[in-house]
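This is what each chain is made of:
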Amino acid sequence: MAIITINRNPDDLLEQSKELIQACINGNRHSQSRLYKQFAPKMFAVCMRYSKNREEAEDIMQEGFVQVFKSLHNFKYAGSFEGWVRKIMVYCAIQHYRSRSKMHRIVDIETIPIEQTCKEDILDRLQKKELLEMVQALSPAYRMVFNLYVFEGMKHREIAEHLGISEGTSKSNFFDAKVILQRAVTNSLKIANQNF
Amino acid sequence: MDKDLQDIEDLFYSALNDNEENPSPKAWGEVDNQLDKESVISIKKKYTSVKRIAILLLLLLGISVYELNKIYDRNNFAENKKPDSINQKKSTQSFDKISKETTGNVSGQPAGSNSWKNMPKGNETLPDSLNYQQELADEVYEKNNEKKYLKEKYLVQSSPSKKRIWKNQLVFDSSKKLSLTSEPFVRSAVKNENPADDNRSFADYNNNKEYQQIPYYKSLQNELAENMILESKDSIDIKNSYQLLITSEANIFNTGNSNVAENKKKNTETLSRFSITPFFSPDIAWYRLQDENVNNQAANAIDIERDEKHEFSSTYGVLADYRLNKQWGLQSGVTLSNINIITEPEIIYAQPDNSGNVKYRVNNSSGYGYILPSFSSKPGIGDSLYAFTSTHSLRYIGIPISVTYSFIKNKFTLGAKMGVSANFLTKAKLETSVEKGPDNSVEIVNNIHGLKKAYFSGLAGISIDFKINKRIALAFAPSMRFALIPINKNALVKSYPMSFGSSVGLKIEL
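So the protein sequences, as listed, match chains A and B. Residue 1 is where the first sequence starts when you use the numbering used here, and the numbers rise one by one after that. Residue 1 is where the second sequence starts when you use the numbering used here, and the numbers rise one by one after that.
Just chain A, same shape as in the assembly:
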């Protein structure tokens, strides 16, 4: 039986995708469709973290892919193509947030006590979907700061520049977001325990 090995290394993927990228630059719609299918699941997951629901995530992802195809000629093959695409998605999410999202707090952080438990235990008991929903449930300002800090590895100074806020505000929002998520996790674990 033949064993097919799929190399998931982004750099190797880049090598394999060079022709595909060039075809996309030339405006070949079929190639663009292939590229989209290749990266859509990962990018959609990224967009989901920055959105409150699937619809909003799809909007961001669509804008992101349009920008990807428009800017493909700027890609210099100097790094990971996936990282480059992801960066565009994040910037689109930031733009989306800056232009459309309405910031409001949806959870009172003082009302939910934090439960003491360990990470492995939490991951066993909570599904990724639930964790994603917790992030999505954050207010846009908190969600943006949390995502940019945790997943994109940005410093608070960079976040402040991107979002047009002060560095102090970024830190404050991050702290608040963490507290909200801690309480949300605790709350979910309580419910999970009750179900058991």
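Fair warning: there could be bad hints in the mix.
Stated by the list, open to error - Which residues of chain A face chain B? A few of them, derived with a C-beta cut under 10 angstroms, are:
#1 MET48
#2 VAL150
#3 GLN182
It should be emphasised that the hints constitute simulated quantities derived from the structure, not laboratory data. Ideal placement from N, C-alpha and C gives every residue a C-beta, glycine not left out.
For chain A, the structure is supplied; the task is to place chain B on it using the hints.
Same frame as chain A, now just chain B:
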């Protein structure tokens, strides 16, 4: 509190970083549609510069074709009208011969005078040069287009210099030409021993019917009689020949050049080096928007373009023209242009401004402004307000400098111009109507952040002037103005103002 919950970001990172989710199948369809739209926009933008170049090339081509056509017509006309080149050459040679001989005569060499002794009177027996001169004079007199012919002839002869003759400048010094032609004859101021002979010779010519018909003959006779001093040894025939030569030559030059002068005078009366044009131009204005950074600001240009609408814009001012020559000139002056843009209803959010105070930020294509309504004087970061409309107005003082090309067609002067303008911001006003309970509150700020103090724009256009009288013409000039650099920086988008206006004004020649 458990450490894992304290470092909850790690929990979320490990759970969600490599997560994958499948979007709905229709998502690609949306991307596909967007790409179609973008490709159309990209083609439109791509060909904008090509269109500009094409317009400029067309203008230059038009001017070149017109100029070449004019030169061709002129040459063609001159070729058809003037005697053949051989005859012309012969005439010139004969004339030169006469001059040489007479010069020799005046300087005391009697041999030259013999060639003139037997010269009979009348057109048929005149030397070639004199035949030619007389034919020319007759033609000038008989034909209605004598002015045009001589003007064309003169222009061809005077080529390639063809200098423009300006107002208050003597168009053509016929007396100088006459004096040069007759210089050998008058140089020697020896009094004629027999004045009666001279009188007779002039009387003979007065009776010559052919020469009676030559224009200006009478007046020239008087002038020549005063200027011409003949030597005693000159025979009547020589004197007559001199007279005939001078008269015919003088007539040709005087008739021709007086006509040329007359025509030119007409033109020069309408043209002076300086003119000023106060004008007003209602403009169709728009912005060409470019994303500040393609990665993170791409959506701004599209969104802003969709949400904004240019209101009535205008340009007015005074332009001064300085003519370099018949066709080319320079134009400068002072213009005042207004740009008014209205933004559709939107939600605005509170953010810290540059000095750290939290205010509501209103974004637009020109830049951004901060407002702080009295009913919401202490907003928190992220607080929002509904802005019904937001209008921003910009005013620039412009100093244009253009190269102009123009030509006269009867009462019309048609022209084209191309140049650049330095534009200085003098006013930036942001007026926002925000929600205040059941009513609206209008907030006005006179500061739009992100705007540069000055920018450069290019301009190109055509002009049509209709002459009302000697000094005043009605000027109509459709023109296009386009920013060469963005008017803003550190704003959401780079904005390049563009406008098309048809200015109307009065051109006053100074």
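Violations among the numbered hints, reported as their numbers in ascending order:
none
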